[in-house]
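Peer 1: Chains as they are written, first to last, in the numbering used here: chain Z, 1 to 271; chain B, 1 to 280.
I should point out that these hints are in silico values taken from the structure, not numbers from a laboratory. Don't take every hint at face value.
[Unchecked claim] Calculated pairs, BS3-like style, for lysine-lysine (alpha carbon to alpha carbon, straight line, at most 27 Å):
id : chain 1 : residue 1 : chain 2 : residue 2
1  : Z       : K68       : B       : K74
2  : Z       : K12       : Z       : K183
3  : B       : K143      : Z       : K183
4  : Z       : K12       : B       : K143
5  : Z       : K99       : Z       : K89
6  : Z       : K238      : B       : K143
Please read these numbers as outputs of a predicted model, since none were measured by experiment.
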Amino acid sequence: MLSDITIGQYYKAQSVVHRMDARMKLILTVLFIVIIFLCKNFFSLAVMFVLTAVSILVSRVPFRMFFKSLKPIIPIILITAALNIFYVKKGTELLSFWKISVTTGGLSTAFFMAVRIICLIMVSSLLTYTTVPTQLTDAIERLLSPLNVLHISVHTLAMMMTLALRFIPTLIEEIERITNAQKARGADFESGRFLERVKAMIPVLIPLFVSAFRRAYELSFAMTCRCYHGGEGRTRMKQMKLSAVDFAALGVFLLSLAGVIVLNRFFQAMI
Amino acid sequence: MRAFIEFKDVSFSYDVEDAQPVPVLQHFDLAIAQGDFVAILGHNGSGKSTVAKLCNGIEIPQSGDVTVNGMNTKEEENLLEIRRHVGMVFQNPDNQIVATIVEDDVAFGPENLGVEPAEIRRRVDQALRDVGMYDLRFSEPHKLSGGQKQRVAIAGVIAMQPACIVLDEPTAMLDPRGRKDVMKTVQMLNRDFGITVLYITHFMEEAAKANRVVVMDKGRILLDGTPREVFQHDDALRAAGLEVPQATELSLLLKRDGVPLSGSILTIEELSRQLEELLS
Ligand SMILES: Nc1ncnc2c1ncn2[C@@H]1O[C@H](COP(=O)(O)OP(=O)(O)OP(=O)(O)O)[C@@H](O)[C@H]1O
Ligand SMILES: [Mg+2]
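Please model the complete structure; the sequences and the hints are all you need to start from.
Peer 2: See the structure below:
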């Protein structure tokens, strides 16, 4: 049912990861991406793999959720793996036919890249599964607020993101309503070739745009009436506060960084 | 009683690109007393919403003055203070809710005013209790019914602690149950908190609950008085494209046919009581 739409892909659960400060989660996600690109061999990659696994276990988000977010990426993983297998020529040759040869080096590079991408996807999904979208936009606003010095209005950008999130379900409902109205008049959205179907969408899109603009106009009125005047002098009801858990998590990530650097030095680089 | 909102000789027209301006109000006078509950009735296009928008400086009159608690809406530096004093609730609840969680939306107004976080928390909880939405404070607005959304919008206004609330057809998109809930909430705000209410509506039964009814027609005030007085002028109301409450209409018809009903009748209960007495 439409009324069941949840904004974003937040997965409700009770866990330390859910309770963590959104700013710290955002920082740690970025840090994770940086570290995983620093990994040069399987030993350092293993550290990050373990870190990913532990984070997921602690979050209490079921594994099938992560599989769901991995699914659309599988073709990309496969293509990258294939490219690595066929292009990287290192180590002993395993088989060769025509102009193509597969080497041990190629296989292990392909595997390395696949694990890296999977960890990346898992960790970024973890962020969106455990953080309410508005908290995320809030966190972005607060983390980027130094940019205000450069006359970039971070508040305005964050407000736009919040409003977009707020109106997604409203507009989806509207699409459903218009589609039904057009169907009742005999519109056909399901059959025909691609171009015909696109054409059938026009009578849905035009009323949708008209109504979206009307909504935006009314919303701007309503916001003005509620004394909205930009980010200046604005306070927030919900303060963000770093707690012990946040610092502990930061500690774990920094230790992993140190581990990766050390393992990179002690073992031979493979990429 | 002191006038809280005052329109003095106000003329207003909408500027339209490449066309004649649309005149809406001419030499319009209206004073809303502090603590009063005023309903505004009028046919489509009679200028009701325009009056609402003039109340908090969303629109500024071309001539004449609108003052709120003595502050003129013409002066830019008054506007924030005026909007804090005069809260607005519009017809479509979807287009006035800004946050994805009920309590965050109620906090929006006080946040804009720069109120301290702990104080915002207190006001938000109180406002949600006042409108009976506290249990749903963590809900997502799009999952609420129309009446519930409208009560969230009202909570968002009272969290700013206004002296006056202007509601522009707040029940037009609601089912009968939502309509009743919203009306009850507004009556409570007026009675218990002394908040001045300006209630624009199409429903005669709602207008009958006000202390004062102002009927507008083509940008002018046609009738002004208590509901009992106003609804006696059924011919004038019909000429302005409006009706009278059903009980009043029936009682007027009966009176014309010689049934000795006394006084002016507003509600079904009053009518049935008088008829019972006559029959027994
Ligand atoms: N933004 C605008 N630009 C131009 N004309 C407008 C604008 N808003 C309203 N009008 C015109 O001003 C007149 C009064 O409009 P207003 O919205 O005040 O009426 P209303 O009594 O609220 O009507 P309704 O019952 O339909 O809400 C109408 O003729 C309308 O067409
Ligand atoms: Mg109107």
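Peer 1: Against the 27 Å threshold, does the CA-CA distance of K238 of chain Z and K143 of chain B hold or violate the hint?
Peer 2: Answer holds: K238 of chain Z to K143 of chain B is near 22 Å, not above 27 Å.
Peer 1: K12 of chain Z and K143 of chain B were given as a pair; does the straight-line alpha-carbon distance stay at or below 27 Å?
Peer 2: 17 Å, holds
Peer 1: For the pair we were handed, K143 of chain B and K183 of chain Z, check the Cα-Cα distance against 27 Å.
Peer 2: Holds - the C-alpha atoms of K183 of chain Z and K143 of chain B are around 25 Å apart, at most 27 Å.
Peer 1: Given the proposed pairing of K99 of chain Z with K89 of chain Z, does the C-alpha separation stay at or below 27 Å?
Peer 2: Holds: K99 of chain Z and K89 of chain Z sit about 12 Å apart, inside 27 Å.
Peer 1: Run the distance test for K12 of chain Z versus K183 of chain Z: straight-line Cα separation, threshold 27 Å.
Peer 2: Violated. K12 of chain Z to K183 of chain Z sits at ~36 Å, over the 27 Å cutoff.
Peer 1: For the pair supplied as a hint, K68 of chain Z and K74 of chain B, confirm whether the alpha-carbon distance does not exceed 27 Å.
Peer 2: 57 Å, violated
When the structure is compared with the earlier hints, violations turn up for hints 1, 2 and for no others.
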